[in-house]
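Using the hints, put the two chains back together into the complex; each one sits in its own frame.
Chains as they are written, first to last, in this note's numbering: chain A, 25 to 403; chain B, 140 to 393.
Any given hint might turn out to be false.
Below, a list of computed lysine-lysine pairs in the DSBU-like style, where the Cα atoms sit at most 35 Å apart [claimed, not checked]:
1. B/Lys225 x A/Lys28
2. A/Lys289 x A/Lys31
3. A/Lys373 x A/Lys276
4. B/Lys324 x A/Lys267
5. A/Lys276 x B/Lys145
Have a look at the derived ranges for each label pair, beta carbon to beta carbon [to be verified]:
6. B/Arg347 x A/Asn383: 55 to 61 Å
7. B/Ile178 x A/Asn283: 39 to 45 Å
8. A/Ala272 x B/Arg347: 33 to 39 Å
9. B/Asp182 x A/Tyr263: 17 to 23 Å
10. B/Asp174 x A/Gln274: 33 to 39 Å
11. A/Lys226 x B/Arg347: 47 to 53 Å
12. B/Pro158 x A/Asp80: 54 to 60 Å
13. B/Asp370 x A/Tyr282: 56 to 62 Å
14. B/Arg347 x A/Asn283: 42 to 48 Å
15. A/Gln274 x B/Gly151: 19 to 25 Å
16. B/Ala153 x A/Asp90: 35 to 41 Å
Since the hints were derived computationally from the structure, they do not count as laboratory data. Where is the CB? At the ideal position from N, CA and C, for every residue including glycine.
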Amino acid sequence: MVWKKMKSMLPAGSYYFSGAEAIAEGAIAAGCGYYAGYPITPTTETLERISVRFRDVGSVFMQMEDEIASICSCIGASWAGAKAMTVTSGPGFSLMQEGIGYAVMTETPLVVVNAQRAGPSTGQISVSSGDIMQARWGSHGGIPTIALSPWSVQELYDQSINAFNLAEKYRVPVLIMAEAATAHLRERVNIPEEVELFDREKKPGAAPFGTEEDDGVPPMPSFGEGEKLLVTGSTHDAYGVRKTADPAIQGKLTARLYNKIMNRKEEIIEYEGYYLEDADIAVVCYGFTARSALFAVERLREEGIRVGMLRLNTLWPFADAIVRDVGSEVKKILVPEMNMGQIVGEVMKYAAGEVIPYNQMNGQVIYPNTIIEQLRRLL
Amino acid sequence: MATELKQYLRPGVALPFCPGCGHRILLRLILKAIDELEINIDDMLFVSGIGCAGWIPSPHFNADTLHTLHGRAIAFATGAKMFNPKLKTMVISGDGDLVDIGGNHLLHAARRNIDLTVICANNMNYGQTGGQVCSTTPKGAVTQTTHGGSPYRPFDLCKLVNAAGAAYVARYLVSQGSVLVNSIKKALQIEGFCFIEAISPCPTQFGRQNRLDTPRETFKFVERMCITKEDAEGLSPAELEGKIVTGEFSNGRS
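Here chain B stands alone, though its shape is the one from the complex (with noise of 0.2 Å):
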């Protein structure tokens, strides 16, 4: 990690993500966009949730740190900046965590437009047990507990937060790191409920079961899925099938 930002990792932590975890490179990101903002980390609350991505600011970031039940870190973060509008919030978690189990908190922190920075680091699957499947994994993936492929679609996250109302909405993956550092940037400059999705690939429980027998398969995998919003453009819905769209996605309330 660059010198720069080891100043707000805490003294005496080693980080626990597997060789070639997108959530250690996302990690940075976020570190990164906070030291170019030049934000005081002190000013700063980080609110996660359980699972892999719980990890990244709990206990690693040296401020406030939040780390709640499974699903309802959103619903912790509500309560902290409802009460105190100073601290600036960013909530960092899982699809799993943020989605699956926490789905109804998302939708409706974004429906409230509350101020806060949510970052969802989406593995495609429930990493810390294990690797099985949940509600991003895509359609005929292989998990712990879809060994024939995962019968059903994953949602697609950032129509999900749009619809419901957020002020910032961006997708981008780990890998499109001064991209990501940019909209993380955004989000943190913006006034309500901002969210964006970031693809991290999970190569020890996603990429092994998928017979991606490297990180960096995984990571070639999951770019193969993804196009850009300009060139998703005029795409039919069939050949948009399977495809992950990347960029920004605001619904102009910002």
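Chain A extracted, bound-state conformation (with noise of 0.2 Å):
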């Protein structure tokens, strides 16, 4: 058994952390070995953080020049045996995006939060949800990852840990589509006292880039346990070595990355659902559009009006089953962004029903009552 229960790094209770810092701790608590990163608003608080804590706990902080060489390098580590973290926002996610690319042909665990703000390019520091797609699509080739969205300080706390496992357990880069409101929001956090952490699989002498399974997940082994480790981004075979003109093994290695993740959607998504048993209306949301949705289902519950919310904790894979229930049970679907219209695709390909989109991309939350307003007016 490959999962283990260990002591939380803070001794158990209540604190009171803004988003970046939970990072850090999150981070800390699930056992991260390497953190390599570089100044951005509004994470730059996660870098301050574990270049302090990490002298604590003995793990390797790097700043390096720029986001390329950060995640690079954590890559790199990862394959030193560390499990290892970067954390950024757009601009340097869009720099990221070749290295998230290479994790995933070469099935290294690796966790990358992104505390999106408004793009496009510098923008402005403040929030936004612009990147949903780029988390899915962004780098080239197009086979998933997977794409957490905290609503909270607690959640990025927890997610930060939930990250590290599901990185471990799929061997695949995890994405935490954070938000620069929740990098920057103080709010209390508990800490158990024990967390549960997943340690990568190892079996020495096996094959580390193929199974049996055509979806399976092989055992991880490290630089310098005598493997003689062939690692490559490009097109290998179960043992690493390249095959960049044989179509049969470029076809079975690309289906296996998809299928290790699709076909365990089921364990991976997780999603919350509030007054939709005999809602009308819903609101599908993520991030932390679905606070203030809450607060409006919530209002106009009092008034007696049937309106629900789903909301979307993992957005990669997409939650397709759920929303496909959801939408064949509402009339209509509310789906309020921080950007001009991304997940709001996703749920007009698997909803039934009719699909009405809000979007607002002024750097701005959506307040409850703007929600309310939208709802208002579908009634």
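Written as structure tokens, this is what we have:
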């Protein structure tokens, strides 16, 4: 069994953290051994806190020359045996896309946090969720990663731990799609006595890049264990030998990389339903927007209006089954997003009824009143 | 290849290099240095980037190898080395990879004095993509993207890396076998960032486009550009124009 229970690194209790600090503490609790990053608003506080706290816990911190170097050095460290993490925002996330693809191809466990700010380009350092489709399609090749959407400081802590577990379990980069609003928010965080951690599976001599099953997750050795590893971003066979002119091996490898995530959707995907039992209208949302949406839904419920909410805690793989179910139960779905319409396209793919987007990209969070207003228009 | 070096090659893989390629010679010289130092190759990690030179260690060396993204080999190596300092880490890649696209990582690793041995196989062009100009192409040389001759000066890689603060910096031709082996041995023993530029002629792409019809002519052309550090002493900048100075350029931090 590769799951283990560990004492939390901080004494159990209630703490008052910013989101950026909670990410750092979550990573430390998860056993992060290597962190590389580059200063960028709104996650510089994570970098700073890690630089101090890693000295206490004996992990390795590097401030690199850019975000490309940050993610690449994390991948190198991951193969040297570390649980590795890098934290950034939009411009850095764009630079990291090639590295994310390399981690997908080489099945490297890795956690990347993107506290999204208002783009495109330098834009504003205010809030947005403009990078949702980039998390799924940003790196060439289009093979899925896992992307999470925390809505509170507590969840930034919890999801940082969860992200490391998912990364180790499925040998995949896990992206935490945080938002500037939660990165700079200060809230209470409860630290439990123990955390449950998953460490990558090791099996000396076994093929590190192939399994009997067409959706398996192979065991992962580290450098220095005498395995004479061949790690490459080129198409490779089960032992890592480059096969750049063999269509069968390219087909088999990419199918397994896809299937190992998509065939495990049920165990990966998390969501929360609120007041959906008798709802005529549902709000499908994620991240900070879900805080406003829940407030709006509860206010309208007080008036006896039958509205509900589906919150997508996991963005990728997409929660198609529950969206299909909710879509068949309600008459209309409102999808408010701090972008010009991203997840709404996925909702339209799977929900039978009418799906209405609400888009706001002015660098402000979507206020509860705005969502109440939008919902009233649908009555 | 000498039988004592064959033990370091991964069974079942054939060397991919063109006839007359300098990289094949360099591959042998690196293994010879490791063999002479009696280093256990299982204690080593070889990191390479994209391009012909990235194939020197991967998959040919029967050791841990990390074949990375274009330009990023040193960043990957930094992460592995910093997390596990016991890994004796060598980066082997080309000039286009390490200097053109990856130059920033090279400078910063040298500045930080990360304990890496970096061997830059300089073939003066982008060989794998068919011979385009790069930052080490001699001024006036013809490539697929400079048909009238390259209008720009090439980088002096050793000056660049020396200025960035490397512990050991040297440049030799791959045809200078024993001195290059000694230089690699030295680099492997010095703690800190060590950089060796191995001038590795490319007859197939660089040679062909510059009317150097045989590997021998390509080697002769490059050898004629080279001058030892000792012979270069006292020469004026004008006299050194277009010359490649070989020797050790350590900055004394070692």
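message: Tell me the numbers of any earlier hints that the structure contravenes, in ascending order.
response: Violated: none.
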